[in-house]
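Protein chains in written order, with the working numbering: chain A, 476 to 668; chain B, 476 to 668.
Calculated directly from the structure, the hints in this document are not laboratory data. Check before you lean on any hint, since a few could be wrong.
Any copy, or any two copies together, can satisfy a pair, since identical chains are not distinguished.
What the hints assert, rightly or not - Derived lysine to aspartate or glutamate pairs resembling EDC-like cross-links, with alpha carbons at most 16 Å apart:
1. K617 to D561
2. K617 to E542
3. K632 to D585
4. K632 to E493
5. K617 to D539
6. K655 to E511
7. K632 to E518
8. K583 to E550
9. K655 to E542
10. K655 to D585
11. K597 to D585
12. K655 to E592
13. K655 to D601
14. K617 to D601
15. K617 to D629
16. K597 to D629
17. K617 to E481
18. K583 to E633
19. K597 to D539
20. K617 to E550
21. K632 to D539
2 protein chains.
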Amino acid sequence: MHIQFESYLRTNTNLPPEAISQIISFALLRSLRRNEYLFSTGEICRHKVFVVSGMLRTFNTSADGGEHILQFSAENSWTLDPESYDRQIPSLVSIAAVEPTTILYWQKADFNVLLTEIPQFKSFADQIISRNIYYSRQRILKALSNTAEEKYEDFVKEFPGYLLRLPLRMIAAYLGISLKTLTRVRHAQLQRY
Amino acid sequence: MHIQFESYLRTNTNLPPEAISQIISFALLRSLRRNEYLFSTGEICRHKVFVVSGMLRTFNTSADGGEHILQFSAENSWTLDPESYDRQIPSLVSIAAVEPTTILYWQKADFNVLLTEIPQFKSFADQIISRNIYYSRQRILKALSNTAEEKYEDFVKEFPGYLLRLPLRMIAAYLGISLKTLTRVRHAQLQRY
Chain A
476 MHIQFESYLR TNTNLPPEAI SQIISFALLR SLRRNEYLFS TGEICRHKVF
526 VVSGMLRTFN TSADGGEHIL QFSAENSWTL DPESYDRQIP SLVSIAAVEP
576 TTILYWQKAD FNVLLTEIPQ FKSFADQIIS RNIYYSRQRI LKALSNTAEE
626 KYEDFVKEFP GYLLRLPLRM IAAYLGISLK TLTRVRHAQL QRY
Chain B
476 MHIQFESYLR TNTNLPPEAI SQIISFALLR SLRRNEYLFS TGEICRHKVF
526 VVSGMLRTFN TSADGGEHIL QFSAENSWTL DPESYDRQIP SLVSIAAVEP
576 TTILYWQKAD FNVLLTEIPQ FKSFADQIIS RNIYYSRQRI LKALSNTAEE
626 KYEDFVKEFP GYLLRLPLRM IAAYLGISLK TLTRVRHAQL QRY
């Protein structure tokens, strides 16, 4: 687990080996079964999480029981609820495993030590936050503007591997369309090819 | 103009007077007519922008000519396109004035000097970025989950003053619903009260 994370850091940063060792020394390891929760709506998000393998989803559930998926986090990505983590307030979302998942995670206090002591790691963390901002803004515009067809085509293009890993209802919940509409869109596409 | 910005900084930060003076000394002033663009899709966003009075909208336009509004920025708020500004690449959105607007703006190089020289200002800027992240995530979940009725009610609650300032077509473009649907929702609400 740590070897994969080490290789991720080596590929994506110029951190010296001793910094990488320090970051890893604070990491905790956890395995989640399919459908197991990292935390639920109303709980406080206390950790920075790196997905080693598997996939998590960040979502909320509306009064009618419908699930709305903000984000999928597959291997080699980070996840958390930023507002709950930063302000230590109850989260408005849940994070749960879509498939058996292994994560590394850091206590907030430990992660803050790393950010303070390793300025290069702070820059890298800031980059990840920035990319998340760009992604969120794009996602809002897509949610506002695209037709169901465009949303689905865009999803297939952006996450080609996810189609085989996710149940259709989760893809629909991510795209903000009904399962019925998604099924119709997919059927129309299959006819075309 | 500068007096209002000074009072904004005094209210929202603990910056010492000399830091406030330094921030203001780098600020440039500009007035925009209604519908005037700050920059268009494809141009590079080169400035940090603080709205002194009036209102800006951040939007893109789809192939069919439909406008999709990411954000309104009224007085005492900041705006820019983060990805274009950070990476100095062409912006995927435009920013234009909804009403006659006065802004203060900073060249990127100047703003970076301020962030480096005034750590307290850097913290404040980071807070604003964080709030933008929380807001974007909420906005995605709302776009996915709410009905047109809920979206409109939520908008009225969140921005009570905006109804009188914005044409209906812009509110519809922000909510991601058609003007026809918005008109129906408003009509149904008026009947109820």
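Output the indices of the hints that this structure fails to meet, ascending.
1, 3, 4, 6, 7, 8, 10, 12, 13, 14, 16, 17, 18, 19, 20, 21
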